[in-house]
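J.: Residue-level listing of the chains:
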Amino acid sequence: MKIKLNVWRQPSSEASGRFEPHTVENVSQHMSFLEMLDVLNEQLVLEGKDPVAFDHDCREGICGSCGFTINGIAHGPEAGTTVCQLHMRKFKDGDELWLEPWRAAAFPVLRDLIVDRTGFDSIVEAGGYISVRTGSAPDANSIPISKESSDSAFDAAACIGCGACVAACPNASAMLFTSAKASHLGLLPQGQPERWRRTQSMVEVMEEIGFGHCTNHRECEAVCPKEISVDFIARLNRDYIQASLGRGSK
Amino acid sequence: MELNAKIPEGPLEQKWDRHRFDMRLVNPANKRKYQIIIVGTGLAGASAAASLGELGYNIKAFCYQDSARRAHSIAAQGGINAAKNYQNDGDTIFRLFYDTVKGGDYRAREANVYRLAQVSVDIIDQCVAQGVPFAREYGGLLGNRSFGGAQVSRTFYARGQTGQQLLLGAYSALAAQVAAGKVKVYPRTEMLDLIVVDGRARGIVTRDMVTGKLESHLADAVLLCTGGYGNVFYLSTNAKGCNVTATWRAHKRGAVFANPCFTQIHPTCIPVSGDYQSKLTLMSESLRNDGRIWVPKKPGDARHPNDIPESERDYYLERRYPSFGNLVPRDVASRAAKKACDEGYGVGESRYGVYLDFGASIQRLGEASIRERYGNLFHMYDKITGENPYRQPMRIYPAVHYTMGGLWVDYNLMSNLDGLFVLGEANFSDHGANRLGASALMQGLADGYFVIPYTIGDFLAKHPPSPVAADHPSVKDAERGVRERSEKLLAIDGKRTVDSFHRELGILVWDNCGMARNEAGLKDALKRIPELRDEFWKNVRVAGAAESLNQSLEKAGRVADFLEFGELMCRDALTRTESCGGHFREESQTEEGEAKRDDENFCFVSAWEFQGVGKEPALHKEPLEFEYVSLTQRSYK
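Top to bottom, those sequences are chains Z and G.
1198 is the number of the first residue of the first sequence in the working numbering; add one for each residue after it.
26 is the number of the first residue of the second sequence in the working numbering; add one for each residue after it.
Chain Z on its own, in the form it takes in the complex:
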């Protein structure tokens, strides 16, 4: 197949960007989307041009490195999929696609399709952990945890931190990410001692960095490659209100 691409090109954070048209010929339906971009980049290098910069690493949908929008949809048209797992069989000959980096004030573009997501690390550093010194843990089976709690904590823990939720949100909110992180720990007995402090601190840092607020558009859930539910946002809001009212402070 032949695919027409309009790719966002921006040499650095300071420079302005624009769409650059390209055509990739002989695209096999078995290629992944990123392999199609590899083919384009090989062509560009041989033509003496700069290849398109995009983040990627594991290429199996777990590291969370990759991600850009295809025709305005984060990670492209297939639900529950990172762009590295999207295959060209989902497209047809002659399709014209627009590739853009995540758009959010808190995710500045570094180059082309690459953005700076260190804001996510700052949110985790604000309290997304259980304080347990190495070597001080009790026997792993000393606290039974119901399968239900463990399973719902897992549903939240499945977040890969790719940032699609922020890119899809009209407010560029990081609430799905933050709530997934806080809920993973908050749903487990081990996470209770720091639960209220954690919630407050993570939400506050999220706001400081410049992520927006949640106004229930649910776009985040629709594009999340791990299909994390917005129920966790509701849960985070409940915990945040309780924490603000002083729960856990004394």
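Keep in mind the hints are simulated off the structure, nothing from the lab.
Idealized CB from N, CA, C, for every residue including glycine.
Just to be clear, a hint being listed does not mean it is correct.
[To be verified] To give a feel for the contact side, a few chain G residues facing chain Z, derived at Cβ under 7 Å:
hint	residue
1	A100
2	D150
3	V153
4	L167
5	R170
6	V235
7	G237
8	K265
9	S303
10	A571
11	L574
[Unchecked claim] Residues of chain Z placed beyond 12 Å of chain G at every Cβ, according to the derived structure:
hint	residue
12	K1201
13	N1203
14	D1290
15	D1292
16	R1300
17	A1302
18	G1383
19	E1405
20	N1413
21	R1435
22	Y1437
Assemble the complex: chain Z is given as a structure, and chain G must be docked to it using the hints.
T.: Only chain G this time, still in chain Z's reference frame:
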């Protein structure tokens, strides 16, 4: 050069305890005077950074990814072993030790492996306390499964993403130390050289991958936790960015490289579909618990698998290894698949694939149970291939997955260079010639959480804090070397892309130093790799500029190192004329075509000392002694 493994005296089960007492301690007030550099933030690096930060040391942690949480440990699917014996099925520390030494085909150090088995139980406690959501039973206690041919259920798992959950645990512990001000993380920063001052590792030269800026970082000790070198094969299950640069640079600065020919080819990966293929995807080994592997009895049979009747299928693993069947260790399963395909029985378009069939299990257990066990893996397979494994067998083929070889370390995880410690997959120590399933996560975390915090203290206690001047000739020399190399790569402006060289190197080493190796092939590779390297330095085209975000330049530097490393790997394989574990020398096999070890001549670790690019490295041997396990030929019949 004498390689002293510094294995403590005393009976096996007391070595580590005695050693912990014998090691010196650093006064708590003095810990904050030491600076430690950690390169890589996977399980080994993140757990080490978090634990050492907690102790009070000042840590700088570096990773090439944009966040420490993305290191490739994250992709591990299956699980992590620990001798907890929660299932009451007869597991003990000694049994885990024994299985690991035997599984490694008797090419690992007994003392290291025993310590690994000992601390395995602490790892699970630590991870659960951090909030790692391991699988649980309805009673609320932890679930286990049998994995990779083990006769006991000692594997802890978190759906199909144990690696991500363990790494998130270690990363969260790291984040806590960042918040506490004890660890500073440098993401998107690549180590390009090691700084050695008076024979001791004192720092690294890095490149900021956003601005291109080169910088030196100096410290009292350097830890390399940079993973394996599987991407020398171009196609592997490793992440695209995984590379040998950090360990290779250390090697060129004097650290000896051990057993580079020991690479693990994982039997259950999705086959290659075309020339554009950029990486291979692993399907967890746990699939072999319920899937049956077969090929058609007739070579070149192109019928749809569902149209091939039972009587015309060859379940070759069940036939050849009746007692272990589909659960034989990875090296055995991989070679058997290769043999079937080489003989013309392969399936799929390329004919390099075998079937992994769940039909019988679906009939026996129902589709719902299979979905519960493997739903995410089936989904992933469907996404990549467009085929539904509930309706037709999967196609699988072996792929490079893990590297047992790595920088040589002693019992304290220190290389032959003072102050240079190597943890996790980057070292060579615990898996011998073949790693058992669910043991990589165990080793990475054992090294980082429970070994290095003690052993580094012993080293630092003997080396009081002593800063190195930023303008020391060794620092300036390393910086100059890195700068000149980048400039040289950018100036070549040839006619071939970096990837085209990498692909060619990959095919060369896969064909000659892959699942089976022989003298003629290895000699040919040793002739062709230097030729390819010469062509690379004359004809590669690297786009862009040095002082910017430049992915072409990053790749070029890594491939240049692989072009040197590949030669060492083949040389090691040529020298080791026995077959053992993942290293199958065609000249050394039994009458039935099984690997034949040669304990009389090869019961040692090969440790290679760099002598210059294109020059033959010097071989040093560390003899392996087995006091507690008797050497036998592995049999899975």
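J.: Grab the minimum beta-carbon distance between D1292(Z) and chain G and tell me whether it stays above 12 Å.
T.: Label holds. Min Cβ-Cβ 18 Å, cutoff 12 Å.
J.: Interface hint check: V235(G), Cβ to nearest Cβ on chain Z, cutoff 7 Å. Holds or violated?
T.: Where the cut-off is 7 Å and the nearest Cβ of chain Z is about 6 Å from V235(G), the hint holds.
J.: Determine whether the non-interface label on R1435(Z) survives the test: each CB of chain G must be over 12 Å from its CB.
T.: Per Cβ check, R1435(Z) is outside 12 Å of chain G; nearest 20 Å; holds.
J.: Taking the closest Cβ pair, is V153(G) under 7 Å from chain Z?
T.: Holds, because the Cβ-Cβ distance from V153(G) to chain Z comes to roughly 4 Å (cut-off 7 Å).
J.: Just to be careful: measuring from the Cβ of D150(G) to every Cβ in chain Z, is the smallest value less than 7 Å?
T.: Where the cut-off is 7 Å and the nearest Cβ of chain Z is about 4 Å from D150(G), the hint holds.
J.: Take a quick look at N1203(Z) and tell me if its Cβ sits farther than 12 Å from every Cβ on chain G, holds or violated.
T.: Check passes; 20 Å lies beyond 12 Å.
J.: Would you settle whether the hint for A571(G) is holds or violated, based on the nearest Cβ-Cβ distance to chain Z being less than 7 Å?
T.: A571(G) check fails; min Cβ-Cβ to chain Z is 13 Å, beyond 7 Å.
J.: Please check whether the beta-carbon of Y1437(Z) is more than 12 Å away from every beta-carbon in chain G.
T.: holds (20 Å)
J.: Under 7 Å, Cβ to Cβ, is where R170(G) needs to be relative to chain Z, so tell me if that hint holds or is violated.
T.: violated (15 Å)
J.: Would you assess whether D1290(Z), listed as outside the interface, keeps its beta-carbon beyond 12 Å of every beta-carbon in chain G?
T.: holds (17 Å)
J.: According to the definition I'm using, a residue is off the interface if its beta carbon is farther than 12 Å from all beta carbons of the partner; does A1302(Z) meet that for chain G?
T.: holds (18 Å)
J.: Say whether it holds or is violated: N1413(Z) keeps its Cβ farther than 12 Å from all Cβ of chain G.
T.: Consistent with the label, N1413(Z) stays out of reach of chain G, its closest Cβ about 27 Å off (over 12 Å).
The structure does not agree with the numbered hints 5, 7, 10 and 18 stated previously, though it agrees with the rest.
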